[in-house]
Each structure stands twice: as structure tokens, then as C-alpha cells.
Amino acid sequence: MNTLLTTIPLSTISIGAIGQIVSLNVQGLLRRRILDLGMVPGTPVQCIRKSPAGDPIAYLVRDTLIALRNEDASQISVTLL
Amino acid sequence: MTQLNIEEHHRILREHFGITTTPGQFTVALAGNPNVGKSTVFNALTGLHQHTGNWPGKTVDNAQGSFTYRDRSFLMVDLPGTYSILAHTIEEQVARDFICFGKPDVTLVVLDATCLERNLNLALQIMEITPKIIVCVNLMDEAIKKNITVHIATLQKELGVPVVPTAARNGEGLGDLRQVLYEMSLGLALTNPRQIIYSLEVETAIQELVPKISRFIGHTLNPRWVALRLLDGDQAFIASIIHYLDLENTLQELAV
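Going down the list, the sequences are from chains D and F.
Under my numbering, the residue at position 56 of the first sequence is numbered 56, and the numbers go up by one with no gaps.
Under my numbering, the residue at position 245 of the second sequence is numbered 245, and the numbers go up by one with no gaps.
FYI, nobody ran anything at the bench for these hints, they're computed from the structure.
Where is the CB? At the ideal position from N, CA and C, for every residue including glycine.
Hints may be right or wrong, so weigh each one.
[Stated by the list, open to error] In silico SDA-like links for lysine to any residue, alpha-carbon gap of 25 Å or less:
#1 F:Lys103 to F:Lys146
#2 F:Lys146 to D:Arg62
#3 F:Lys146 to D:Pro44
#4 F:Lys58 to F:His10
#5 F:Lys145 to D:Asp63
#6 F:Lys157 to F:Asp105
#7 F:Lys146 to D:Arg49
[As the list claims (entries may be wrong)] Derived, one-sided and incomplete: chain F residues facing chain D with beta-carbon distance under 7 Å:
#8 Phe26
#9 Tyr83
#10 Ser84
#11 Glu117
#12 Arg118
#13 Asn121
#14 Asn147
[Unchecked claim] Just the calculated beta-carbon pair ranges, DEER-fashion:
#15 D:Gln20 to F:Gln235: 31 to 37 Å
#16 F:Lys146 to D:Gln27: 43 to 49 Å
#17 D:Arg31 to F:Leu186: 39 to 45 Å
#18 D:Leu65 to F:Ile196: 22 to 28 Å
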């Protein structure tokens, strides 16, 4: 039996979907920023809007709207809620 | 503080932070996230008695202003707006260095009543550095418009530090703010800032480090805060401690 959580990159969830953060594989200044905004494991994140080119993407985290590049959002693992 | 310590403190303020105080003048650091109305609070309290420049050696704005209350003079230093004091940017470094090494008499943290959760991050971090902190919950008028109620008394009890609600652009709450600034500067307001308790592993490590840290830096900095920064591997902060506390000579002597 697979006891590990099935996680997907945050960048792949569709508009309106909510993912719960499992892990963050971002570093440096961006890591500090998203941690400061409360994007920590266990926090729900909702995909709000995607730019025409698909990059960046707007997410709602704890009442804050944040824009993340596709490349960065793909480093954040979530489970769909 | 002994006379020598006071002179040393003023020297640090002048040389490292470009701040000169008049005799008996209290210094107040003004911190907060961007867009919380920090400038509004600053302007409301200091009026035209302000001037802007740069922090010495840095391309970050520095605004200082003064006001008088009950025959005491206050110099308010407007720190750059930051989400965090765990410095990764020059703005955060300036804010952190001033609070840690500039040792203001009071640090006033301004929060936005309409997004408290996000704003509390900075307040809690500053509470880990110093107990001489006042929390100002600004934009109370905006909160009313958005049907958000903030329970000030409960927040104050939870945080263990004074919490003053304001709507600075309407001039509301500023009288209370001056009064609390006055009381805390004179040491009349005792605070008990809520401490963040970490995991057992981290707390054990902190307990081991604190006595060793105190031996080096005495009471110049909160040893628990220093321990946390060491555990974090914050190289820049370690360099700052050595720089500001002039430990280069001490370390060289130890090496010999």
C-alpha cells in the first residue's frame, strides 16, 4: 500500500482549485517571501487567475493575493482539497 | 546605563545610522509592512519637523522626524517597509540593524487592521528581538468599511504588549499612541511579549547556546534571538554582530 501522499505541482492546479501545501522546494529570497506570507506546509492555496501566456499565476493564500512564476509554482508540492 | 555606555550608544547612532539626538530625546523606530499607513502615522506625529536622507553607506531612504509630548522630545525614525526582519534584502537589513544595534527606546510596529494575519508576522519577529514594542493597528476605518471587527483587548492580551487602534489619516487614536510611547520610553509600561516556542529540538539547542552567547555579548542583544539566528545559519547577522559590537579585536585576541 502506498502510504505517501500523492502530490502535484502547484502550477498544475486549475483556476478555482485549492491545494494544500506539502513541501516547498524554493530557495533564497523567494523562499523567505512566501514563508513570510504564510505559505507553509498545511496551508491551503487557491489558484485565482492565470496570465494569457500562463505565466505568472495569481494565488490566494491567507487573504493575500500573490503572483508566482510558473517555474517557481512548479517547485511547490500540494495535494488537491 | 553608565555615562560611558550612553556616549558609546550615541556614537553608534551617529556613525552607523546617521542619527543625532538632543539631550534627553527618546528614539522611536517605526516599522511595519508596506502599505499599512506607516507614513501617515509618521507624518501625523511629526508634522513638518522631519527630514529625509539615506542610511549611511546605503541607498535606502531614511526619514527622521521629531515631536514633543508632555515636555519630552521624541525622534521618530521611519524604517523601510518590510514583511520580515529576517534580512534578505537591504531594506530588511537596515530595519533589523537599527532595531538590534541602534537600540531605539521604543519600536512602534504599524499593522493594517484589514489583514492582521499577514502583518502579525513582522510584529512577532520584532517581539523576539525586544520587549520595548508597541503595536499600532491602523486603518481601523477601512476595517469598519469591510465589516472587519478587531478585538483590541484580546489582541493585547494575546501579544502581551500594548496595542493601540488608530485611523491615522483621520487623526484617530494618535493621542493614545503618544501617551503609550511616552509611558514606554520612561519605562512605565512593562511588557510581556508572547514568545514563540519552537520544537523540543530547537528549544534544547537554544538553552545550550544562550549561556555561551551571553558570555560574548552580555546584555547588548537578546541572547535567545542571537541563538535562533545562529541556528538559522544567518551569516549576515553574525557579521553584523561582529561589526557593530566591535568584536573584531576580541576575536583576534582569542585567536592569538
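Hint by hint, here is what the structure shows:
1. Taken as a hint, the F:Lys103 and F:Lys146 pair is broken in the structure, with Cα atoms around 37 Å apart against an allowance of 25 Å.
2. For the suggested pair F:Lys146 and D:Arg62, the alpha carbons sit about 16 Å apart, so the restraint of at most 25 Å is met.
3. As the CA atoms of F:Lys146 and D:Pro44 are separated by approximately 23 Å, the hinted pair is consistent with the 25 Å bound.
4. Between F:Lys58 and F:His10 the CA atoms are separated by roughly 20 Å; this keeps the pair inside 25 Å, and the hint holds.
5. Taking the CA atoms of F:Lys145 and D:Asp63, the gap is near 17 Å; set against the 25 Å cutoff, the hint holds.
6. For the suggested pair F:Lys157 and F:Asp105, the alpha carbons sit about 22 Å apart, so the restraint of at most 25 Å is met.
7. Straight-line distance between C-alpha atoms of F:Lys146 and D:Arg49 comes to about 23 Å, which keeps the hinted pair within the 25 Å bound.
8. Violation of the interface hint for F:Phe26 is found here, the shortest Cβ-Cβ separation to chain D being roughly 30 Å, above the 7 Å cut-off.
9. Interface hint at F:Tyr83: satisfied, since its Cβ lies 4 Å from the closest Cβ of chain D, which is below the 7 Å cut-off.
10. Contact between F:Ser84 and chain D, as hinted, is supported at the beta carbon level, the nearest pair being about 4 Å apart and thus within 7 Å.
11. Here the hint on F:Glu117 is kept, as its CB sits about 6 Å from the closest CB of chain D, short of 7 Å.
12. Because the smallest distance between the Cβ of F:Arg118 and any Cβ of chain D comes to about 5 Å, under 7 Å, the interface hint for this residue holds.
13. A hinted interface residue such as F:Asn121 counts as satisfied when its beta carbon comes closer than 7 Å to some beta carbon of chain D; here the least separation is about 6 Å, so the hint holds.
14. Interface hint at F:Asn147: violated, since its Cβ lies 14 Å from the closest Cβ of chain D, which is beyond the 7 Å cut-off.
15. For the hinted restraint 31 to 37 Å between D:Gln20 and F:Gln235, the CB-CB distance of approximately 33 Å keeps it satisfied.
16. Between F:Lys146 and D:Gln27 the Cβ separation comes to about 36 Å, which falls outside the hinted range of 43 to 49 Å.
17. Look at D:Arg31 against F:Leu186: about 41 Å separates their beta carbons, and that is inside 39 to 45 Å.
18. One distance hint, 22 to 28 Å for the beta-carbon pair D:Leu65 and F:Ile196, holds here, with the actual separation near 27 Å.
Of the hints listed earlier, those the structure fails to meet are numbers 1, 8, 14 and 16, in rising order.
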